[in-house]
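Once you have looked at the hints, place chain C with the ligands on chain X.
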Amino acid sequence: MNLTLKIWRQNSGKEQGQLVTYPVKDISPDMSFLEMFDVLNEQLVSKNESPIVFDHDCREGICGMCSMVINGRAHGPKTGITTCQLHMRSFKDGDTIVVEPWRAQAFPVIKDLTVDRTAFERIQSKGGFVSVNTGTAQDANCLPIPKDDADASFNAAACIGCGACVATCKNASAMLFVAAKVSQFALLPQGKIEATARVKNMVAQMDLEGFGSCTNTGACEIECPKGISLENIARMNREYLVANCKD
Amino acid sequence: MSNTSPNFLTSSIGKKFLMGLTGLFLISFLVVHVLINACIYFNDGGVTFNMAAHFMANNIIIRVVEVGLFLGIILHVVQALILTLQNGKARPQKYAVQNSAVSSKWYSRSMGLLGTLLLMFLIVHLANFWVPTKIAVFKGEEHNTFESLKTVFANPIIVAVYLLGLVSLFYHLLHGFQSAFQTFGLNHKKYTPAIKACGFWYAVLITLLFASMPITLYLGLIK
Ligand code: HEM
Ligand code: SF4
Ligand code: FES
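Chains as they are written, first to last, in the working numbering: chain X, 22 to 268; chain C, 215 to 437.
Extracted from the complex, chain X is given alone in its bound form (with noise of 0.2 Å):
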């Protein structure tokens, strides 16, 4: 496949960056879009020319590093996938494509395509956890939870904080990402003990780091390539109202 890319590249935060056209020739319907990036970016150094900066680690699909909009879309065209799971055949022999990196005030650009997204760290610093020690596993009926609840926290709980929600929101939102964090210890025992503070200082770190409000649009949950549904964030919103109504 002969294809026109068109890619963000940015020297570092503080600089001026812009989209710069690469033509890349025979590339394989059968690589993985990080792997087209592989191939541009030796020919790149070949040629004595800096190699374009991505994020990526697991490539397949669990880390949530390999952050980028293709043609507009957070990971590209496909739903339910992340950017090393999209492979060049969902693209047609002689296309454009234009490749950014995530835009947030939050999600500050490092180089090229390449954003930071500590903020996600530090929102989970806030609550993201419980703080009992549990133990080794216990006697799998010692503590009966619905199946259902299991699987619902189990789904939240399927979040890779890759940040497409965020990318994807007009408003920059991280509320899918805050909600499936707050809702995968919502609704297990373990979890309940702290869910007044965790919720109260999610939110707020989350406020504090310039994400924008959810206005229901549902974008966010179209493109997460892990399904979280707006259903966790009807969760977080119930439990923020009765943490802020205890105390």
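Note that these hints are calculated values from the structure, not bench results.
The reader is advised that the hints may include incorrect statements.
[Claimed, not checked] Calculated cross-link-like contacts (lysine to aspartate or glutamate; reagent style DMTMM-like; alpha-carbon spacing at most 25 Å):
{"id": "1", "chain 1": "C", "residue 1": "Lys308", "chain 2": "X", "residue 2": "Glu36"}
{"id": "2", "chain 1": "C", "residue 1": "Lys303", "chain 2": "X", "residue 2": "Glu242"}
{"id": "3", "chain 1": "X", "residue 1": "Lys191", "chain 2": "X", "residue 2": "Glu142"}
{"id": "4", "chain 1": "C", "residue 1": "Lys303", "chain 2": "X", "residue 2": "Asp137"}
{"id": "5", "chain 1": "C", "residue 1": "Lys403", "chain 2": "X", "residue 2": "Asp137"}
{"id": "6", "chain 1": "X", "residue 1": "Lys99", "chain 2": "X", "residue 2": "Glu252"}
[Said to hold, decoys possible] Label-pair restraints from in silico Cβ distances:
{"id": "7", "chain 1": "C", "residue 1": "Pro306", "chain 2": "X", "residue 2": "Cys163", "range": "44 to 54 Å"}
{"id": "8", "chain 1": "X", "residue 1": "Lys35", "chain 2": "C", "residue 2": "Pro407", "range": "48 to 58 Å"}
{"id": "9", "chain 1": "X", "residue 1": "Phe175", "chain 2": "C", "residue 2": "Pro407", "range": "21 to 31 Å"}
{"id": "10", "chain 1": "X", "residue 1": "Lys168", "chain 2": "C", "residue 2": "Val316", "range": "29 to 39 Å"}
{"id": "11", "chain 1": "X", "residue 1": "Lys168", "chain 2": "C", "residue 2": "Val246", "range": "45 to 55 Å"}
Cβ coordinates follow ideal geometry from the N, Cα and C atoms, glycine included.
Relative to chain X, chain C with the ligands alone:
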């Protein structure tokens, strides 16, 4: 875990609660408003309509609710302004290409614009009816609201402005009604589809009923 959270009402979620509450209050007001207006369909030369309008204009309870209504609108608009500005700041650099249509409805992304159109319409609307009524009450004169309806809607431009205002209202409600419930945390696999259906039919019926009034008056169907 210690608690380091600021005030509920200044948080992003708290502001949305206020938007939702004031929004639902305005939604319930519109029901009363449309029912009063529908009295013109008795087609009795405005006798029933004027009676209802007179009752609304001179009843002490309604006067108090009216103050609440204005406060509600102001609160809704102020919160809308704050949220819209904050949300804009959250993405200082826009995307060169953004394919928003695949993941959300245009009207859900345009609540600020639709709201601004509504506000402009509201000012025209108050100037047309509310202000003259108030002046008459102030002067102690009898005000024939039905006659002023007929005069105002004899002008096709005003009729067009009203219909455009109602289109904005329709889309604002289409998203806003169900959105308020999600904001309150009421999302349930059994009840949410019903809430969404209510929101849709509410938006359709309110808009059609209101729209029918300037049209029938303009066409002279209401005597
Ligand atoms: C008069 C000017 C108005 C403006 C400027 C305005 C503006 C807005 C904006 C910007 C939002 C979205 C906020 C967000 O989710 O980020 C909104 C939501 C809403 N509006 Fe309005 N609006 C106006 C009038 C109305 C009226 C007349 C009604 C009802 C009859 C209404 C009902 C609602 C509802 C129910 C919501 C959803 C609240 C939520 O999502 O929690 N609005 N409005
Ligand atoms: S909620 Fe979904 S889109 Fe948002 S960070 Fe988690 S996995 Fe990524
Ligand atoms: S590189 Fe880990 S999810 Fe894509």
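Cross-check of the supplied hints:
no., hint, result
1, Lys308/C with Glu36/X, "16 Å, holds"
2, Lys303/C with Glu242/X, "22 Å, holds"
3, Lys191/X with Glu142/X, "22 Å, holds"
4, Lys303/C with Asp137/X, "17 Å, holds"
5, Lys403/C with Asp137/X, "36 Å, violated"
6, Lys99/X with Glu252/X, "22 Å, holds"
7, Pro306/C with Cys163/X: 44 to 54 Å, "51 Å, holds"
8, Lys35/X with Pro407/C: 48 to 58 Å, "50 Å, holds"
9, Phe175/X with Pro407/C: 21 to 31 Å, "25 Å, holds"
10, Lys168/X with Val316/C: 29 to 39 Å, "34 Å, holds"
11, Lys168/X with Val246/C: 45 to 55 Å, "46 Å, holds"
When each numbered hint is compared with the structure, a violation occurs for hint 5 only.
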